[in-house]
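Work the whole structure out from these sequences, hints included.
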Amino acid sequence: MSAPLTRIAAAEDGVPAARPGSGRTGRWLRRAGRHRVALTLAFLLILPWIAPYQALAVTILVLGLYALGFNLLFGYTGLLSFGHAAFLGGGAYGCGIAIVRYGLHPVLALVAGTLLATLIAAAMGVLAIRTRGIYFAMTTLALSMCVYYGFYQAESFTGGENGLRGINVPSLTLPGLRLSLLDPIVKYYAVLAVVGLAVWLFSRLLSSPFGAALEAIRENESRAQACGYDVRRMKLVAFVLSGALCGLAGALQAIHLSIVPIETMHYSTSGQAVMMALLGGMGTFFGPFVGAATFALLQDGLATLTSHWQLFVGAIFIAFVLFLPLGIWGEVLARLRRAGW
Amino acid sequence: MTTGIDRRGLLRGSAAASALALAAPALLRSAAAQGAPIRIGFPVPLTGAFGAEANDQVRAAQLAIKEFNEAGGFQGRNAELIVRDDKLNPGEAAGRTLELIEKDKVNFLVGGLSAAVTLSINNVARERGVIYNSISQSDAINEAKDFGRTTFHEALNPHMTAGAVGRYVFPKSGKRVAFLSADYAYGHEMMRGFKRAGEASGIEVVADIRHPIGASDYSAFLPRIAALKPDVLCLCNFGRDQVVSIQQATEFGLKRTTKLVAPILLFTARKAGGDAFDGVIGGTSYYWRLEDSVPSAKAFNDRFRAAYGGAVPSDYGALGYAGVRSVLEGVKAAGSVETDKVVAAMETLKADFYKGPQSFRKCDHQLVQSVLIVESKSKGLKTPDDVFTILGTEGPDERFLRSCDELGHKA
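First to last, the sequence lines map onto chains X and W. Numbering that gives the first Met the number 0 applies: residue 0 is where the first sequence begins, and numbers increase by one. Numbering that gives the first Met the number 0 applies: residue 0 is where the second sequence begins, and numbers increase by one.
Only true hints are included.
Examples of chain X residues toward chain W, derived with CB under 10 angstroms:
1. Pro51
2. Gln53
3. Asn161
4. Arg164
5. Val168
6. Pro169
7. Gln252
8. Leu256
9. Pro260
10. Thr263
11. Gln298
12. Thr303
Derived coverage of chain W by chain X (criterion: at least 3 residues anywhere in the stretch with Cβ under 8 angstroms from a Cβ of chain X; other residues may be distant):
13. 43-50
14. 86-98
15. 106-119
16. 138-145
17. 177-189
Note that these hints are calculated values from the structure, not bench results. Idealized CB from N, CA, C, for every residue including glycine.
Here you go:
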């Protein structure tokens, strides 16, 4: 599991394990790495002005957070999960049900959604962590489908096949502030405030000793164990944290779309996370947002142009995997480093 | 090499610029006289299992737009259809609806082809006060919980379709009835419609079997049903499930003892499914042979044939036409494109667009319309499109709808 990932580590900016580049480029990259949260946020701040429309920008934001959470487990800990749709969906349903059935304040609903996703992640994690490699992927896939059918059948809560409707949050009232979320730009920046907080926490987590230990597990699990780390517990914590981030993404998506379709929990949504992480560059800090933006823009743009969009999207993905195995952002970083003078 | 702008180029450029500046007000004036087009967003699943139906919906909707524009539009304003692919995915549909409202600034929305998708479009549209005329079957969209004052439902709903078929079949074919239903909202809604209709004729339910949606093997269910020898087997499923279950029921020889009934027989599904559908009875909102008895159907078919090389419109296609037309007629009647005025106009619209009289019920904006009972045939076809016999028509009547009270609408 860990052998093919070793290579990727070199593509990371600002992470202690990464090989520092030489010369001027290396200095620049290190400097950028120290300010990775600010740089990521700077990009996200201008995103709605360069995206084709604001609703798509919000979608990119949400998908980016989803891929970011997935990347914690995949890129940084080296565990490939095929069950992250359960966390995205759990967060979405948790938030949606809190608003529709219990009339909670949207901020509390976000917390409720994240909590539900965290619980699902803890339950799935305890079982899945016992396995490795392909078995881990299969176990997470199977467990997420159990969650899917559970939510599908709980029709009185989730709306079943018809999906959950009525998550209508026309405005957000905070102390001393009233925001109209029907205005797409206001909605974007409200969502960005939450995503920005999550990105900052994520960065803190990565630069903590815990983050370094996760990468140690990715690089060589036996050695990490020999160093005295409780590998199984750390994997579980990473799994749960990853689930919580994806759950927060789901909760934001529920408020963004005002509905939760049952498809959110489908395994194809888990596949999306893998795809976005690979497209952007796994194990890179900014990669998930690049992956999410590429994914969303490709799908959106091609679907508007032709009804055969699937053919082109497929071909483009294959090309990426063949020619840019490090992902877009991973490749950019690797080239900058190689060109270092 | 000369770089930059030379004097001659500058002169030419400034001449062109001043000409444009002089002409601009004139250009703007003529644009204003034309008026901004009335934009109708049309999200349908161009890709996915119902691509054929969706493409027919687009073609028919374009016809309604063309008619409107050829008749002079509304106060010099033409109508324009903005088609988006919702990929049969409610999340995608919600995103596309946001795009249509926020970026394309559509005046109205028509479309949807699946209960989950139509409910999702409806939720986004009603929150933003944009009129949405749904052309997809759904019972939930009538209920107070999902209804908004801008919600309209041009399509039939499962309750009235299954009800009409039940009221036709049960008195004629017998009272021992078996159900084979897809286990999800739509299957349950259909079954409820059948059972409600059956109460009147005193049916006896001998079997009530649910199958998972998307099942490909019905051999576990069909022998049990065959052993009971029911008079009628109601197949409450849709799309591919319907085709496969009917094919397998035919192979099990069920047709010898039992009348097969499907709540909705799709024109496109029948053409794809072939002979297996022989003798199956079902309901539909529209079938092109209605032209033999209804003049407006004849006129609609003729226009469609002329526009699309002799093809006839499908049932869902016709809904695309009617859905767009209802909104545009509403604009004409209201003398405005303002939401409130158009809503009021559509509520009182009494029309005959393509299938006989139709009007929206006030409380839930469900279109009160006729339901056709058709039987599938494969012999003696006049043309390859001649695949059904119209057995009967249940005329438009509010009695066949669930009452406003039951749906939770306060009087």
